[in-house]
Amino acid sequence: MSAEGLGPLESAEVSIKLFVDDHAVVRPHELIAVFHRWISEGLLEDELTIDVANYEHVPQGPGIALICDKSHYYFDVRHNRWGLRYRGRREARATGKDAVTDALTRALKAAALLENDPALEGRYTFRTDQVELVIYDRLRAPSEEATLEAIRVDVEAAIAELYGEAPRSLGLVSVPKEPFAVAIENASSPSLGELLGRLAPAG
Amino acid sequence: MEAVGSWQDKLKDRIPEELGREIDIFETQMKLRRRGEVDERLFAETRLRRGVYGQRYDNGHRHDGTQNRELAYRDHPTKGPETVWDAPGMLRIKIPYGKLTADQTDVLAELSEDYADHISHVTTRQDIQLHFVHIDDTPDIQRRLAAVGITTREACGNSVRNITACHLSGVCKTEEFDVTPYAEALKEFLLGHPDVQDFGRKMKPAFSGCAHEACGLVNMHDVGYIAKTREVDGQVQRGFEFYVGGGLGAIPHDAKVLTEFVTEEELLPLTQAVCRVFARLGEKENRGRARIKFLVAKLGIEEFKKLVFEEREQLPHDPRWTAYIDELPDYDEKPLRPPVPLQVNGEHTPEFKAWYETNVRAQRQEGYAVATIKLPLGDATGDQMRAIADIAREFVGDAIRLTVEQNIVLRWVSEADLPALFEALAAVDLAAPGAETIADLTSCPGTDTCKLGIAASRGLVAELTNHVGHLNGGTDPALKGLRIKASGCFNSCGQHHVSDLGFYGISRKKGGRLVPHFQVVLGGKWMENGGSFGLPTLAIPSKNIPEVVKRVTDRFLQERNENETFHEFIDRWGKVEVKAFLQDLTEVPAFEEDPSFYSDWGDPRVFTMEDYGEGECAGEIVPLVEFGLQSSEREVFEAQLYLDAGDMDRAKAMAYKAMLTAAQALVKTEYLDVTDDPDHIVTEFRTRFHETKRFHDKFAGAKFANYLFQTHESGGNGGRPEQARDQVQEAQLFIEAAYKVYERIGTQGAPA
Ligand code: SF4
Numbered sequence: 001m002s003a004e005g006l007g008p009l010e011s012a013e014v015s016i017k018l019f020v021d022d023h024a025v026v027r028p029h030e031l032i033a034v035f036h037r038w039i040s041e042g043l044l045e046d047e048l049t050i051d052v053a054n055y056e057h058v059p060q061g062p063g064i065a066l067i068c069d070k071s072h073y074y075f076d077v078r079h080n081r082w083g084l085r086y087r088g089r090r091e092a093r094a095t096g097k098d099a100v101t102d103a104l105t106r107a108l109k110a111a112a113l114l115e116n117d118p119a120l121e122g123r124y125t126f127r128t129d130q131v132e133l134v135i136y137d138r139l140r141a142p143s144e145e146a147t148l149e150a151i152r153v154d155v156e157a158a159i160a161e162l163y164g165e166a167p168r169s170l171g172l173v174s175v176p177k178e179p180f181a182v183a184i185e186n187a188s189s190p191s192l193g194e195l196l197g198r199l200a201p202a203g
Numbered sequence: 204m205e206a207v208g209s210w211q212d213k214l215k216d217r218i219p220e221e222l223g224r225e226i227d228i229f230e231t232q233m234k235l236r237r238r239g240e241v242d243e244r245l246f247a248e249t250r251l252r253r254g255v256y257g258q259r260y261d262n263g264h265r266h267d268g269t270q271n272r273e274l275a276y277r278d279h280p281t282k283g284p285e286t287v288w289d290a291p292g293m294l295r296i297k298i299p300y301g302k303l304t305a306d307q308t309d310v311l312a313e314l315s316e317d318y319a320d321h322i323s324h325v326t327t328r329q330d331i332q333l334h335f336v337h338i339d340d341t342p343d344i345q346r347r348l349a350a351v352g353i354t355t356r357e358a359c360g361n362s363v364r365n366i367t368a369c370h371l372s373g374v375c376k377t378e379e380f381d382v383t384p385y386a387e388a389l390k391e392f393l394l395g396h397p398d399v400q401d402f403g404r405k406m407k408p409a410f411s412g413c414a415h416e417a418c419g420l421v422n423m424h425d426v427g428y429i430a431k432t433r434e435v436d437g438q439v440q441r442g443f444e445f446y447v448g449g450g451l452g453a454i455p456h457d458a459k460v461l462t463e464f465v466t467e468e469e470l471l472p473l474t475q476a477v478c479r480v481f482a483r484l485g486e487k488e489n490r491g492r493a494r495i496k497f498l499v500a501k502l503g504i505e506e507f508k509k510l511v512f513e514e515r516e517q518l519p520h521d522p523r524w525t526a527y528i529d530e531l532p533d534y535d536e537k538p539l540r541p542p543v544p545l546q547v548n549g550e551h552t553p554e555f556k557a558w559y560e561t562n563v564r565a566q567r568q569e570g571y572a573v574a575t576i577k578l579p580l581g582d583a584t585g586d587q588m589r590a591i592a593d594i595a596r597e598f599v600g601d602a603i604r605l606t607v608e609q610n611i612v613l614r615w616v617s618e619a620d621l622p623a624l625f626e627a628l629a630a631v632d633l634a635a636p637g638a639e640t641i642a643d644l645t646s647c648p649g650t651d652t653c654k655l656g657i658a659a660s661r662g663l664v665a666e667l668t669n670h671v672g673h674l675n676g677g678t679d680p681a682l683k684g685l686r687i688k689a690s691g692c693f694n695s696c697g698q699h700h701v702s703d704l705g706f707y708g709i710s711r712k713k714g715g716r717l718v719p720h721f722q723v724v725l726g727g728k729w730m731e732n733g734g735s736f737g738l739p740t741l742a743i744p745s746k747n748i749p750e751v752v753k754r755v756t757d758r759f760l761q762e763r764n765e766n767e768t769f770h771e772f773i774d775r776w777g778k779v780e781v782k783a784f785l786q787d788l789t790e791v792p793a794f795e796e797d798p799s800f801y802s803d804w805g806d807p808r809v810f811t812m813e814d815y816g817e818g819e820c821a822g823e824i825v826p827l828v829e830f831g832l833q834s835s836e837r838e839v840f841e842a843q844l845y846l847d848a849g850d851m852d853r854a855k856a857m858a859y860k861a862m863l864t865a866a867q868a869l870v871k872t873e874y875l876d877v878t879d880d881p882d883h884i885v886t887e888f889r890t891r892f893h894e895t896k897r898f899h900d901k902f903a904g905a906k907f908a909n910y911l912f913q914t915h916e917s918g919g920n921g922g923r924p925e926q927a928r929d930q931v932q933e934a935q936l937f938i939e940a941a942y943k944v945y946e947r948i949g950t951q952g953a954p955a
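Quick note, the sequences are listed as chains F and E, same order. This note's numbering numbers the first residue of the first sequence as 1 and each following residue consecutively. This note's numbering numbers the first residue of the second sequence as 204 and each following residue consecutively.
None of these hints come from the bench; they were simulated from the model. Quick caveat, the model's predicted, so the values are computed rather than measured. Cβ atoms here follow ideal geometry from the backbone N, Cα and C, with glycine treated the same way. It is possible that part of the hints are untrue.
Unchecked claim - Derived pair list, reagent style DSSO-like, types lysine-lysine, alpha-carbon separation capped at 30 Å:
{"no.": "1", "chain 1": "F", "residue 1": "Lys177", "chain 2": "E", "residue 2": "Lys215"}
{"no.": "2", "chain 1": "E", "residue 1": "Lys405", "chain 2": "E", "residue 2": "Lys943"}
{"no.": "3", "chain 1": "F", "residue 1": "Lys70", "chain 2": "E", "residue 2": "Lys213"}
{"no.": "4", "chain 1": "F", "residue 1": "Lys177", "chain 2": "E", "residue 2": "Lys537"}
{"no.": "5", "chain 1": "E", "residue 1": "Lys860", "chain 2": "E", "residue 2": "Lys213"}
{"no.": "6", "chain 1": "E", "residue 1": "Lys215", "chain 2": "F", "residue 2": "Lys70"}
{"no.": "7", "chain 1": "F", "residue 1": "Lys70", "chain 2": "E", "residue 2": "Lys234"}
What the hints assert, rightly or not - Restraint ranges, calculated between C-beta atoms of paired labels, are given here:
{"no.": "8", "chain 1": "E", "residue 1": "Asp679", "chain 2": "F", "residue 2": "Leu199", "range": "53 to 61 Å"}
{"no.": "9", "chain 1": "F", "residue 1": "Gln130", "chain 2": "E", "residue 2": "Glu391", "range": "50 to 58 Å"}
{"no.": "10", "chain 1": "E", "residue 1": "Gly918", "chain 2": "F", "residue 2": "Val153", "range": "32 to 40 Å"}
{"no.": "11", "chain 1": "E", "residue 1": "Glu550", "chain 2": "F", "residue 2": "Asp21", "range": "37 to 45 Å"}
Start from the sequences and build out the full structure, keeping to the hints where you can.
Printed below as a string of structure tokens:
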């Protein structure tokens, strides 16, 4: 698909990852059944959920994936850190600052579903002071400082709106051949419920 | 930041012109299909031939264990019969003889991240598959691959599939000679060759450097070549023992010897003759009997041989048959670093020693070794693929190959580098020991992604991987070399027939409910190119398969005679005894007693067959003429685009080309050797269709044929620019007339 003249946050492939508080509680296998149930009960709003893919056998891999029509959700362990990753696919749902907000919102909602899932007995909780933003689009978002500068204002604005203050830092954490990745360090770590409460009603 | 363009712009200087053009054509075909201007069946085969495959649930339905749910995709034209456009699919990337460069490996890593689920999956035929890919992304994926010299062309569909070869070719101690440049020559020769476009089913070729090892698996291939030498007048002559008609599937067939020695000069023409016989006489209606193995069985190998050698005599000479031979001496894989031997001793860690013992094989070139990266279920992340590329750059350059056991090898490792290589691999979790042992299991995608899957072969293999530790496979030499392989259905993509312990997915009913099962196949021979097929024993519920493995291997350890192989042991034990031994494991508890039996490994849904779909392994059987006519339609569409853009010269040239393509397609229904030369096409068309009045229209007579003749006489581009519009319309009418003639041929049968 053509990408004429478009910036990094016009990409459909924007991803947000929220990390679990405690890696010791993670049993990835149990998430297969959880994600299947999300599909059958239609728990992810505004997503056409299709299938579950199991990659728990792959070290530092995508873990358990929930494949949707216009996004993927992963409970992944890239760089040995478990967390919930939302990742847009194919068609941008929003652009600029709104793209960050949209990805963050979807990641927060999915993470909240995990926190509250009865089968998981409250073992999974997420920190929000550290957030990872990745753009899987090497055409629009090469892994370089210039890409970070191009999105900095939008990311800071999206975080400020949600957290009530700008992030403490944004840092490029990917090397040139990797997908562009930014570590967002926030000054506080509000609960998922708190952050979701600050968002406009889902639509 | 620089402003971005498109991949097409960005890579235009790095994509070979022909590959770029093919991808542009595919993109146009996609546009035409979206507008409903190409038949879905034809489009399905078109995309399959570009490696763009369907995936489970792409009919827009999925059973969630309790009910069949419709997946509410956007309403688009389909991308094949009952195949939703927006449903994610699989992209198969053929990697000829599994050979990858570091740059190619980097690109595969990127593609898995940018368009798939972050995983590159190595198949049992040395391909890479990406899953959950959207069709709209496939042209850009193909461009990014083309920029590093990879094409997906003919990766699927009824064509010549990836040409496989031993991953040790060129470095193996037991090979006759390096088969790599021969595999490369055959690949180049057959790719897009007109004689391989009209098969009723796919054809899989394989090369092996020797007869006794497993790696080439020639015995189970449609066409296969085992390297051989002979002495003629005191000179060593290279050639191949040429096999044909092998195959797995529900009923496996051993390959038959077509000739005991085909010379280098005859390798390509004899293969071409086989392709022609297969295209002409192979089954086209019943796809279940359309592989070449059925033709060979039907005719008998002697009759098949006779036909092939007769065909060979009639082939018009092609200089490419022997051109590659001059280049053979230039083919050589060069090591990156000098050879330095290694003495493994007490200074090395136990982890290194365990890995060294199973994953390292000395090359025939002293001081060098091949290191195997054992991939669980053939899967590697983007990060791992990138790491492999970097590690290869540091230690071996571009000497990377995929294996039929779903692993990756690095060749030409200077032995002294092995400890450092091990450390580098371990840092990215790629240094697991046990390669090519009982701990290195194989599985096809099964119900995870394959539309034809019945049971979860990947789930089973993941489970068995947890169990093989208990088998003491790491240390007991009798068990160590055994192979365990599973397929999701009888189609046997997991190659279970040639493993020691093989399984393929089936279903059985208990108390009105379906229960996932695997058929147990024991004692297949992996060595000797997949030398013989295992003994099908009995159907066992999936959840009891780990117990089958445990019991059978325990029994083998206890009762084997000295030096008896597993294959020999099963042979001696016999089907009746084996059945009796495992019979109790066929029992399925009632659902109320143990519901776990009613769902599959790694899939908590209640087991169902409702997701079982129409497979695309076979592809649609589309006659060659339909491809030609479709191409002519696409060309007239492109002519229209030129017209709209005011480029009259190109519009006229493209309209002329469209007419030629349609005429050529018709001529090919009876004369396959028509070339691309416009004079040749027009002459043959005139003789066969115009002078016989077969192209005449009931009312318009020779009018449409004359459009072609007039344009041709004017050099294809004659007339004033304003005539371009007329010429495009004439081309359109010519193509419609060609379709009508084709329909008539279809109903009346082609002339002899
Ligand atoms: S063996 Fe069956 S389930 Fe496995 S990939 Fe082949 S067709 Fe699909």
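Hint by hint, here is what the structure shows:
About 20 Å separates the Cα atoms of Lys177 of chain F and Lys215 of chain E, which keeps this hinted pair within 30 Å; it holds. A hinted pair counts as satisfied when its Cα atoms are at most 30 Å apart, and Lys405 of chain E with Lys943 of chain E qualifies at roughly 29 Å. Only pairs whose Cα atoms come within 30 Å are accepted, and Lys70 of chain F paired with Lys213 of chain E is accepted, the gap being roughly 26 Å. For the suggested pair Lys177 of chain F and Lys537 of chain E, the alpha carbons sit about 26 Å apart, so the restraint of at most 30 Å is met.
With a C-alpha separation of about 29 Å, the suggested pair Lys860 of chain E and Lys213 of chain E falls inside the 30 Å cut-off, and the hint holds. Between Lys215 of chain E and Lys70 of chain F the CA atoms are separated by roughly 29 Å; this keeps the pair inside 30 Å, and the hint holds. About 21 Å separates the Cα atoms of Lys70 of chain F and Lys234 of chain E, which keeps this hinted pair within 30 Å; it holds. For the pair Asp679 of chain E and Leu199 of chain F, the supplied restraint of 53 to 61 Å holds, since their beta-carbon distance comes to about 59 Å.
Evaluation of the 50 to 58 Å hint for Gln130 of chain F and Glu391 of chain E yields a pass: the beta carbon distance comes to about 51 Å. For Gly918 of chain E paired with Val153 of chain F, a C-beta distance near 60 Å fails the hint of 32 to 40 Å. The hinted range of 37 to 45 Å is satisfied by Glu550 of chain E and Asp21 of chain F, whose Cβ atoms lie roughly 42 Å apart.
Hint compliance for this structure: hint 10 is the single one not met.
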